[in-house]
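Visitor: In this text, residue positions in the sequence shown follow this note's numbering: the first is 95, and each later residue adds one.
Don't read these hints as lab results, they were simulated from the structure.
These numbers were taken from a predicted model, which means no experiment stands behind them.
Any given hint could be a false lead.
Ranges of calculated distance between the beta carbons of each label pair, as one might list FRET restraints [stated by the list, open to error]:
1) 401 to 226: 50 to 60 angstroms
2) 365 to 139: 20 to 30 angstroms
3) 228 to 197: 12 to 22 angstroms
4) 298 to 368: 35 to 45 angstroms
No more than 16 angstroms apart at the CA atoms, straight line, and that leaves these computed lysine to aspartate or glutamate pairs for EDC-like [as the list claims (entries may be wrong)]:
5) 374 to 357
6) 252 to 357
7) 397 to 357
8) 183 to 321
9) 338 to 325
10) 221 to 284
11) 252 to 127
12) 158 to 373
13) 374 to 155
14) 158 to 378
15) 158 to 138
16) 338 to 357
17) 158 to 310
18) 174 to 260
19) 183 to 251
20) 174 to 284
21) 338 to 310
22) 221 to 130
23) 339 to 310
24) 298 to 260
25) 339 to 321
26) 174 to 127
27) 250 to 284
28) 374 to 138
29) 221 to 127
30) 250 to 171
31) 183 to 373
32) 158 to 171
We put the beta carbon where it would ideally sit given N, CA and C, even for glycine.
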Amino acid sequence: MVRLLGYFFGIACVGFLGAAAVVAVYLASVTKDLPDYAVLSSYEPPVTTRVHAGNGALMAEYAKQRRLFLPIQAVPDRVKAAFLSAEDKNFYQHPGIDVTGFMRAVVAYLTGGPTQGGSTITQQVAKNFLLSSEQTMERKAKEAILSFRIEQAYSKDKILELYLNEIFFGLNSYGVASASLTYFNKSVSELTIAEAAYLASLPKGPANYHPFRHPEAAITRRNWVIDRMVENGYVSQSDGAEAKKQPLGVTVRSSGPSLFASDYFAEAVRRQLIDQYGEKALYEGGLSVRTSLDPQMQLAARKALQDGLVTYDERRGFHGPISQIDASGDWG
């Protein structure tokens, strides 16, 4: 009996060592061409250039991706709480991955089941900054390894800062600061619990929770985030209940040259900026430009021109067509 047990134990050891060797070889092949996560320390996202009138009012914005960088110290606790509750409630406790969620995703992939979510914020940083979005086992393995390394190299606050400034919120808005202005026309520091919860609901699928196309789904998802905030102890029961009663309150911000009848003026400024600083600086450099435009005088000038043209036309009257074109015949 002892000999038989020893025999099975030996087989088990050989099997374990063989499996370990296979895993080691696989990990070695995966890690040999991993992206350099050190680039995260010099993260400089493309930021929106904003052109202001003489009184400081926003006149125009230029960007390929509408983004305003916001340091983590400027993000209110309630906004952090909304995103942690929506995306990764154990963010400040885990080592980079949620082991249970990761194993669930692996099993789903191996068995051909539906794609599993559950990526931690650190994994999302690894994927968005360093990897592609392809759903393969190799990519998931790289994502997990990079997540561990990122956690060792950077503080949790730095990782959260990277995440909050990079994610896409829809309506060409990247990062929470830009999204706050786009959806609510206010700074991040002014967001209510309900507004923060709605923004936190968007990264999962901005199109699915569009405030005007899918308002019911948007409110349902927002309220789910609020419930998680209450469950995680970030918000009291009474404050959560009150927040869920609020309408979405989305007011897409009106801005642009047409706001001050400054289309031609703004275009002249845009061309001058390109000539002086280059196209990359204009669309990615986050320039802040104060112009000499006086909005009130500009609007008055436009009205005076319109009134003058109307008066001139009325004085001359309509004289009929100058001539007529013969539409018959061969136009081929």
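Visitor: It remains to establish, for every hint, whether it holds in the given structure.
Guide: Cross-check of the supplied hints:
For the pair residue 401 and residue 226, the beta carbons lie near 58 angstroms from each other, so the given range of 50 to 60 angstroms is met. The beta-carbon spacing between residue 365 and residue 139, approximately 25 angstroms, falls within the hinted interval of 20 to 30 angstroms. The supplied range of 12 to 22 angstroms is met by residue 228 and residue 197, whose beta-carbon atoms lie about 20 angstroms from each other. Hint check: residue 298 to residue 368, Cβ distance near 37 angstroms, so the stated range 35 to 45 angstroms holds.
Under the criterion of a C-alpha separation no larger than 16 angstroms, the hint pairing residue 374 with residue 357 is inconsistent with the structure, at around 22 angstroms. A distance of roughly 40 angstroms separates the Cα atoms of residue 252 and residue 357; the hinted pair therefore is violated under the 16 angstroms criterion. With a CA separation close to 15 angstroms, the supplied pair residue 397 and residue 357 stays within the 16 angstroms bound. For the hint pairing residue 183 with residue 321, the CA-to-CA distance comes to about 13 angstroms; that is within 16 angstroms, so the pair holds.
At roughly 14 angstroms between alpha-carbon atoms, residue 338 and residue 325 fall within 16 angstroms of each other, so this suggested pair holds. Under the criterion of a C-alpha separation no larger than 16 angstroms, the hint pairing residue 221 with residue 284 is inconsistent with the structure, at around 30 angstroms. The hinted pair formed by residue 252 and residue 127 fails the criterion: a straight-line CA distance of about 25 angstroms is larger than 16 angstroms. Proximity of residue 158 to residue 373 is assessed by CA-CA distance (about 11 angstroms); at most 16 angstroms being required, the pair is judged to hold.
Of the pairs offered as hints, the one joining residue 374 and residue 155 holds, with about 14 angstroms between alpha carbons and a cut-off of 16 angstroms not exceeded. Straight-line distance between C-alpha atoms of residue 158 and residue 378 comes to about 7 angstroms, which keeps the hinted pair within the 16 angstroms bound. Taking the CA atoms of residue 158 and residue 138, the gap is near 15 angstroms; set against the 16 angstroms cutoff, the hint holds. A threshold of 16 angstroms between alpha carbons decides the hint, and for residue 338 with residue 357 the separation of about 41 angstroms lies outside it, so the pair is violated.
Pair hint residue 158 plus residue 310 does not hold up; C-alpha atoms about 30 angstroms apart against a cutoff of 16 angstroms. Between residue 174 and residue 260 the alpha-carbon distance is near 15 angstroms, which keeps this suggested pair within the 16 angstroms criterion. Distance hint between residue 183 and residue 251 is fulfilled; the C-alpha atoms sit about 14 angstroms from each other, no more than 16 angstroms. A C-alpha spacing of about 13 angstroms is found between residue 174 and residue 284, which places the hinted pair at or below 16 angstroms, so the restraint holds.
A hinted pair counts as satisfied when its Cα atoms are at most 16 angstroms apart, and residue 338 with residue 310 qualifies at roughly 13 angstroms. Between residue 221 and residue 130 the CA atoms are separated by roughly 13 angstroms; this keeps the pair inside 16 angstroms, and the hint holds. As the CA atoms of residue 339 and residue 310 are separated by approximately 13 angstroms, the hinted pair is consistent with the 16 angstroms bound. Among the hinted pairs, residue 298 with residue 260 is consistent with the structure: their alpha-carbon atoms are about 14 angstroms apart, no more than 16 angstroms.
For a cut-off of 16 angstroms, the pair hint linking residue 339 to residue 321 stands: about 12 angstroms separates their Cα positions. At most 16 angstroms may separate the alpha-carbon atoms for a hinted pair to count; residue 174 and residue 127 exceed this at roughly 34 angstroms. About 24 angstroms separates the Cα atoms of residue 250 and residue 284, which puts this hinted pair outside 16 angstroms; it is violated. With a CA separation close to 13 angstroms, the supplied pair residue 374 and residue 138 stays within the 16 angstroms bound.
Proposed proximity of residue 221 and residue 127 is supported: the alpha carbons are some 15 angstroms apart, at most 16 angstroms. Taking the CA atoms of residue 250 and residue 171, the gap is near 14 angstroms; set against the 16 angstroms cutoff, the hint holds. A distance of roughly 41 angstroms separates the Cα atoms of residue 183 and residue 373; the hinted pair therefore is violated under the 16 angstroms criterion. At roughly 30 angstroms between alpha-carbon atoms, residue 158 and residue 171 are farther apart than 16 angstroms, so this suggested pair is violated.
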